[in-house]
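Chemist: Listed here are the chains, written in short residue letters.
There are 2 protein chains.
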Amino acid sequence: MSTVYLNGEFLPKEGAQVSVEDRGFLLSDGVYEVTPAYGGEFFLLRQHFSRLRSGLDSLRIDYDPEELVEVHRKLIDKNGLTESEVAIVYLQITRGVAERTHYFPPAGTAPTVYAFAKKFQRPSMECWLEGFEAVTVPDRRWSRADIKSISLLPNVLAAQAAVDAGVDDALLVKNGIALEGAQNNLFAVKGGVLVTHPATQEILHGITRSVMIEIAHSLGISVQERPIQVEELETIDELFFSGTTTEVRPTVRLDSKPVGSGEVGPVSKAIYRAFRKEIGQPIDQDL
Amino acid sequence: MSTVYLNGEFLPKEGAQVSVEDRGFLLSDGVYEVTPAYGGEFFLLRQHFSRLRSGLDSLRIDYDPEELVEVHRKLIDKNGLTESEVAIVYLQITRGVAERTHYFPPAGTAPTVYAFAKKFQRPSMECWLEGFEAVTVPDRRWSRADIKSISLLPNVLAAQAAVDAGVDDALLVKNGIALEGAQNNLFAVKGGVLVTHPATQEILHGITRSVMIEIAHSLGISVQERPIQVEELETIDELFFSGTTTEVRPTVRLDSKPVGSGEVGPVSKAIYRAFRKEIGQPIDQDL
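Chains as they are written, first to last, in the numbering used here: chain P, 1 to 287; chain G, 288 to 574.
Just so you know, the hints here were simulated from the structure itself, not pulled from any lab data. Just so we're clear, the structure is a prediction, and the values are computed from it rather than from any experiment. Cβ coordinates follow ideal geometry from the N, Cα and C atoms, glycine included. Accuracy of the hints is not assured; some may be wrong.
[As the list claims (entries may be wrong)] Label-pair restraints from in silico Cβ distances:
hint, chain 1, residue 1, chain 2, residue 2, range
1, G, GLN572, P, ASP164, 56 to 64 Å
2, P, GLY108, G, THR522, 43 to 51 Å
3, G, GLU550, P, GLU67, 48 to 56 Å
4, G, ARG513, P, GLU66, 51 to 59 Å
5, G, LEU506, P, GLU225, 50 to 58 Å
[Said to hold, decoys possible] Below 27 Å or equal to it, Euclidean Cα-Cα: the simulated DSS-like pairs (lysine-lysine) are:
hint, chain 1, residue 1, chain 2, residue 2
6, G, LYS461, P, LYS174
7, G, LYS544, G, LYS477
8, P, LYS269, P, LYS190
9, G, LYS406, G, LYS564
10, G, LYS300, G, LYS365
11, G, LYS300, P, LYS13
[To be verified] Which bits of chain G does chain P cover? Going by a derived footprint, with three or more residues having C-beta under 8 Å, they are:
hint, region
12, 298-307
13, 388-401
14, 424-434
15, 443-452
Please work from the sequences and hints to get the whole structure.
Modeler: Put into structure tokens, the structure is as follows:
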């Protein structure tokens with residue numbers, strides 16, 4: 001049975017409950033974070049906490065998450081994930097329990113803190129090398145997609161649109177611009193250059209996105225941060241999504257049409273090889 | 288102690304809890320409704336249920352809310368609100384409890400149903416006759432504001448912006464258009480004509496909004512459903528918000544400047560008088 005953390009206590013997930021007056025439940029008034037651990041070791045934990053702090057600041061939730069670093073470690077231990085190839089810790093902080101009002105509750109209302117850990121199963125390397133499929137979906141999100149909030153209904157509907165289409169990812173399009181996935185960032189490769197949307201308020205500032213850019217630099221691949229027109233996707237060479245659990249996921253078919261050659265391209269492979277090295281994981285000889 | 292309804296049971300609010308895996312808590316994946324009862328009698332209950340069904344359909348949550356009509360009645364009874372001048376029943380339905388995924392959970396996952404009732408205290412007539420104040424706030428919501436979803440973080444931040452400014456309402460502005468309030472619809476009066484934004488996907492289709500339009504017709508007041516430019520607000524005669532708990536709330540100051548004469552106008556008063564009559568409530572002689 002999985003052990004979760006809730007407001008200072010470790011307890012079985014089955015018994016973990018929050019009040020119906022929690023502002024997370026009533027108003028989606030909170031933020032979350034997902035941090036990966038490879039072989040029990042967190043990867044870029046500081047960066048994840050830094051983004052979390054920034055989200056708490058944006059929403060003016062008065063809470064110092066520092067003590068949760070230790071909670072993250074304990075969740076890995078208590079759930080026997082120290083030997084897991086990949087595990088994640090999910091953390092959510094809401095503005096707490098109070099009589100329902102749209103405006104903030106009285107000062108001093110304690111935030112609700114919930115976290116769980118679980119093993120993450122990557123797709124097999126065979127599957128990865130075949131590539132993945134995506135569909136474009138209208139981006140219906142609010143105008144602060146850079147805040148990792150739990151106000152995720154538009155993302156839910158977009159992710160389901162991908163499932164309905166029988167594909168792996170939803171590519172969100174707004175005003176003719178291919179912004180990012182429903183739960184990951186987007187990269188295109190065109191003439192050897194790696195292109196991704198700038199880190200504006202319209203996309204999530206992915207930690208893995210930053211790693212991708214650093215890796216590209218280290219491999220001598222030019223990076224352009226600029227909007228990508230949807231029409232451009234018809235003439236690009238490679239496309240992939242990046243994210244904490246997505247890692248590097250090459251899209252070989254978009255809206256039922258092949259992307260580039262229709263096969264996983266050399267830049268996607270080179271970047272994923274470098275990423276696997278970065279996270280200290282074995283690199284398959286076929287990659 | 289207040290009695291609430293949760294998944295088939297009536298219980299004290301203090302003990303009412305939902306799983307941390309509820310998709311309402313994790314993903315704001317649900318809808319809500321607020322229905323008024325005057326002297327224990329529901330007002331336009333059918334219209335509220337009709338909008339609820341439409342929201343459930345839009346989100347593809349498979350649940351027939353018909354049995355909740357009886358739950359509404361019981362909540363009024365059990366909370367001793369049959370004699371209350373104004374009470375409301377709040378109802379929320381989420382996609383239920385399941386392991387966290389963005390896409391929908393397995394078919395057959397039971398929705399979570401939560402409802403509570405409470406007395407609503409109107410501002411005094413003295414206060415009403417002095418009028419209310421509002422500030423304009425950028426509309427940061429998703430592009431389906433017509434769905435009464437619990438994905439309310441942008442509304443929370445807008446409502447708090449009003450509190451921070453020391454005023455009563457937040458007027459949401461998008462692309463130069465004054466759309467509606469953070470939790471109510473908007474009406475302007477200009478040259479004797481009542482103007483309100485059309486019921487597109489950009490605003491909530493308020494039940495009270497429809498009542499306002501019907502009342503205007505019955506009073507021989509012309510109604511125009513068209514976008515209202517922010518600049519137009521400087522030359523209008525009257526402004527008011529409408530909603531289930533808002534009823535008719537006249538704005539006499541917007542962004543610290545007087546609206547029209549800076550006093551509650553005759554059209555707002557006439558419409559509120561007719562509304563009070565419609566809901567069978569006493570009409571103050573000063574109104």
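Chemist: Checking against the hints above, which ones are violated?
Modeler: Going through the list in order, the structure violates no hint and respects every one.
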